[in-house]
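Chemist: Letter by letter, the sequence shown follows residues 1 to 263 in this note's numbering.
Rather than coming from a laboratory, the hints here were simulated on the basis of the structure. None of these values were measured; they are calculated from a predicted model. There may be inaccurate statements among the hints.
DSS-like cross-link-like pairs, simulated, lysine-lysine; straight-line CA separation at most 30 angstroms [said to hold, decoys possible]:
{"no.": "1", "residue 1": "K72", "residue 2": "K14"}
{"no.": "2", "residue 1": "K71", "residue 2": "K240"}
{"no.": "3", "residue 1": "K14", "residue 2": "K156"}
{"no.": "4", "residue 1": "K240", "residue 2": "K230"}
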Amino acid sequence: MNTPTNSILRSTHKLYYKDQYLRSTHTKVVRVNSESVELYSTIAYPEGGGQEADFGSIEFPIGTMRFIWVKKLYGTPIRLDGFKGGTLGGVILHVIHPDDLYFLDQVMEGMNVRVTIDIFRRQRLTLSHTASHFLYAAAISLREELKQWTLGCHIKEDSSRFDFLVEDPLSSDEIVEIERRANVLITCNEVIKHTAVQEVEDARMWTYQGINIPCGGTHLESPLLIGHLKVRRKRLGKAKERLICEFPNAVIDVSRYHECDLR
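Let's have the full structure, built from the sequences with the hints guiding it.
Modeler: Set out below in structure tokens:
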């Protein structure tokens, strides 16, 4: 392993891009903050692109601490066509559970640790994020202008949603049609590709049946586990609509997760 550096130019090694099914790995402490720990490398996915962060634990020689959020700081903008809001590089902080903060006084830079994620939460978020792309693809295929007027998204364990600006409210018939189109795509059950663009690690493209969506989140390799997608809308006020998708028959399969000492 290379020696960690405290330079602001440092960047956390993102092992979730090398293998998103890593559940645990060894690494080293780079920096200790008042409520968080920065590691040389991590398998924990930080909040980003609408996807909520992983939860998990860090095992130190002095004991184990839980982390309840993960966030990325100091990244630089991705300057590629089609990418908005994503960043390159940056450091990833593991926010420690309040009940475990007393441990931090004993943590030293360079200390060997083992980081582990909650694989059930990760897989639910992975499934939810994948489902959100089918919702989005179906919505913009019906109303192409929604692509231009997307306000944002939120990927949770049990549902995901997109917010849009609209000139005309979505009708009940349109919601039914969006749900139908999303489920047609899912039923095809073809391979989902999620690859780096121009070999830029943080610039990733989600691809399915010719549909391309820039996204750096975690995703299923096929939509089969999603099951039947249900879509509903929520009016957010004048000219704003929220589309929400849920997947009550989803299958959470964590059999592919494994431990590895990638560094």
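Chemist: Taking 30 angstroms as the top limit, are the C-alpha atoms of K240 and K230 close enough?
Modeler: Distance ~20 angstroms between K240 and K230 Cα, so the pair holds.
Chemist: Is K72 close enough to K14, meaning Cα to Cα at most 30 angstroms?
Modeler: OK: K72 and K14 at ~11 angstroms, within 30 angstroms.
Chemist: Given the hint that K14 pairs with K156, test it: the Cα-Cα distance must not exceed 30 angstroms.
Modeler: 21 angstroms, holds
Chemist: Taking 30 angstroms as the top limit, are the C-alpha atoms of K71 and K240 close enough?
Modeler: Measuring from Cα to Cα gives roughly 28 angstroms; hence the hint holds.
When each numbered hint is compared with the structure, no violation occurs for any of them.
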